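What follows is each chain in one-letter form.
Protein chains: 4
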Amino acid sequence: MTGQPWSILRPHRIRWIECDLYAHANHTAYLTLFEDLRIEHWEKLTGAPPGYDRPSPVVAQIDVRYLRAAVFRDEVMLGVRCASFRRTSFVHEYAMMKEGQDLCTARIVCVVARQDTGEKVPIWGELRETLLAEGAIEG
Amino acid sequence: MTGQPWSILRPHRIRWIECDLYAHANHTAYLTLFEDLRIEHWEKLTGAPPGYDRPSPVVAQIDVRYLRAAVFRDEVMLGVRCASFRRTSFVHEYAMMKEGQDLCTARIVCVVARQDTGEKVPIWGELRETLLAEGAIEG
Amino acid sequence: MTGQPWSILRPHRIRWIECDLYAHANHTAYLTLFEDLRIEHWEKLTGAPPGYDRPSPVVAQIDVRYLRAAVFRDEVMLGVRCASFRRTSFVHEYAMMKEGQDLCTARIVCVVARQDTGEKVPIWGELRETLLAEGAIEG
Amino acid sequence: MTGQPWSILRPHRIRWIECDLYAHANHTAYLTLFEDLRIEHWEKLTGAPPGYDRPSPVVAQIDVRYLRAAVFRDEVMLGVRCASFRRTSFVHEYAMMKEGQDLCTARIVCVVARQDTGEKVPIWGELRETLLAEGAIEG
Numbered sequence: 001m002t003g004q005p006w007s008i009l010r011p012h013r014i015r016w017i018e019c020d021l022y023a024h025a026n027h028t029a030y031l032t033l034f035e036d037l038r039i040e041h042w043e044k045l046t047g048a049p050p051g052y053d054r055p056s057p058v059v060a061q062i063d064v065r066y067l068r069a070a071v072f073r074d075e076v077m078l079g080v081r082c083a084s085f086r087r088t089s090f091v092h093e094y095a096m097m098k099e100g101q102d103l104c105t106a107r108i109v110c111v112v113a114r115q116d117t118g119e120k121v122p123i124w125g126e127l128r129e130t131l132l133a134e135g136a137i138e139g
Numbered sequence: 001m002t003g004q005p006w007s008i009l010r011p012h013r014i015r016w017i018e019c020d021l022y023a024h025a026n027h028t029a030y031l032t033l034f035e036d037l038r039i040e041h042w043e044k045l046t047g048a049p050p051g052y053d054r055p056s057p058v059v060a061q062i063d064v065r066y067l068r069a070a071v072f073r074d075e076v077m078l079g080v081r082c083a084s085f086r087r088t089s090f091v092h093e094y095a096m097m098k099e100g101q102d103l104c105t106a107r108i109v110c111v112v113a114r115q116d117t118g119e120k121v122p123i124w125g126e127l128r129e130t131l132l133a134e135g136a137i138e139g
Numbered sequence: 001m002t003g004q005p006w007s008i009l010r011p012h013r014i015r016w017i018e019c020d021l022y023a024h025a026n027h028t029a030y031l032t033l034f035e036d037l038r039i040e041h042w043e044k045l046t047g048a049p050p051g052y053d054r055p056s057p058v059v060a061q062i063d064v065r066y067l068r069a070a071v072f073r074d075e076v077m078l079g080v081r082c083a084s085f086r087r088t089s090f091v092h093e094y095a096m097m098k099e100g101q102d103l104c105t106a107r108i109v110c111v112v113a114r115q116d117t118g119e120k121v122p123i124w125g126e127l128r129e130t131l132l133a134e135g136a137i138e139g
Numbered sequence: 001m002t003g004q005p006w007s008i009l010r011p012h013r014i015r016w017i018e019c020d021l022y023a024h025a026n027h028t029a030y031l032t033l034f035e036d037l038r039i040e041h042w043e044k045l046t047g048a049p050p051g052y053d054r055p056s057p058v059v060a061q062i063d064v065r066y067l068r069a070a071v072f073r074d075e076v077m078l079g080v081r082c083a084s085f086r087r088t089s090f091v092h093e094y095a096m097m098k099e100g101q102d103l104c105t106a107r108i109v110c111v112v113a114r115q116d117t118g119e120k121v122p123i124w125g126e127l128r129e130t131l132l133a134e135g136a137i138e139g
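Chains as they are written, first to last, in this note's numbering: chain A, 1 to 139; chain B, 1 to 139; chain C, 1 to 139; chain D, 1 to 139.
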């Protein structure tokens, strides 16, 4: 994990539906919460949420560490930031935190693509500038 | 991915609920299907499904690659095998395949622990023998 | 609930993901399992699964009774049948059963509509014949 | 639906995970959002969220009408109120609204029970007073 600031950081309270028999958040619940951040971040960067007919992030690889279990009713913080990017892809870092400690961290590689054509889309000039301004590293 | 045989290999048809706006299986849907295999494999190995008051696998780390999208009604195969194990943890490999090609592969590290005591549990003799017999590597 | 035979009846084992902190299937898990039956039944009746550009069932009203809780690893049976139909809608009955007893029953009203045009579609002649042959009542 | 004020009314933005191939919220997504309200309402009424070892609401029957589809990114309002109660049960009314119009309404019967003993629990005096003060009708 890099040390740059979070692009989005917001609170969440662990929901009933997110928990399993152990009263822990299921391992996929963290990823769905991170998905919300990814969509919000993309909308913030590009002015539009992901859609079928425009360049949108597609998850290609995820690497997730579950450090301490989040439990029902936990008040946690969720963060996302873009660590780096290349011609048609970027790397996001995510964390779920509680009282300053990481419960879960993730590194997710996304490809920018259009669903209607199936083609990868190079990161365009304005998007590149915004990512650099947020602290992302090119290359 | 190692080349050993799958411990469990079974068919699945992609469900409506697993798909998102793109008609693709959501990235978490693959993980929930793998979770089913993990539970079934654990029951096959130990004679009991995971439970609160007995040693059970807890997901500590996942590394997943999404190679080609699974879409609604796809007939796929799902496989799991234990690649290796150490004193209190093991590494599972998973795949979703279609017509012989990988759509998604995952490497998941689980710790064996009891939820009621919160303690890690060393892999016991009989479990060790079964894992070795399945082709898992120790260490 | 009517007494006609089930059009589809099949086994299911309650999954980890379907259960909540009480180790019971969440009340929505029953509905998602019924959704699978609805889609399969529609494909059986019409030769194609629901889709954006063809007449497909849309849920308009549900009435569900939870009689006894299904728990993790329960082996249950799931059934669906069409009880009745009108010009552009039909009523499905569903049940989850265990050892001959109902755990959950549902009555679901669906409208037949196309998503691409937003229009309701009258039940056509061949579909009407098939529904009557399955025991559904017209009107 | 009765005309009393909502006990809880709050905004929600339809999430990616809540939507299916039609870009509509899946019919179960509404129910999970209503579940959050039910839990929050119970905590507001009794001072504690539902739990295994204390009286908690258990869903016995749901009657839901889907009037207009909620779609991805819709800004909606969610409301819950207790319409009536009897010795060991109560009836909740829920709605998802957009721009003042109902998208979905539900009437849900809950039994008050303890999971650890399996017993129904009569609504106690203080809870009864609170429900009456919120506008719920007894009987």
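Some hints here could point you the wrong way.
Because identical chains share one entry, a pair is satisfied inside a single copy or across any pair of copies.
Claimed, not checked - Listed next, the in silico DSS-like pairs over lysine-lysine satisfying Cα-Cα at most 27 Å (straight line):
no. : residue 1 : residue 2
1   : Lys-44    : Lys-120
2   : Lys-120   : Lys-98
3   : Lys-44    : Lys-98
No wet-lab data here; the hints were simulated from the structure.
On a predicted model such as this, the values are computed, not experimentally measured, just so you know.
Tested hints:
Taking identical chains as interchangeable, the C-alpha atoms of Lys-44 and Lys-120 lie at most 27 Å apart only when both belong to the same chain, with a minimum of 21 Å there against 37 Å between chains. Proximity of Lys-120 to Lys-98 under the C-alpha cut-off of 27 Å is restricted to the inter-copy arrangement: shortest distance 23 Å between copies versus 37 Å within a copy. Within a single copy, Lys-44 and Lys-98 get their C-alpha atoms as close as 25 Å, and across copies as close as 23 Å, so both meet the 27 Å cut-off.
Of the numbered hints stated above, none is contradicted by the structure.
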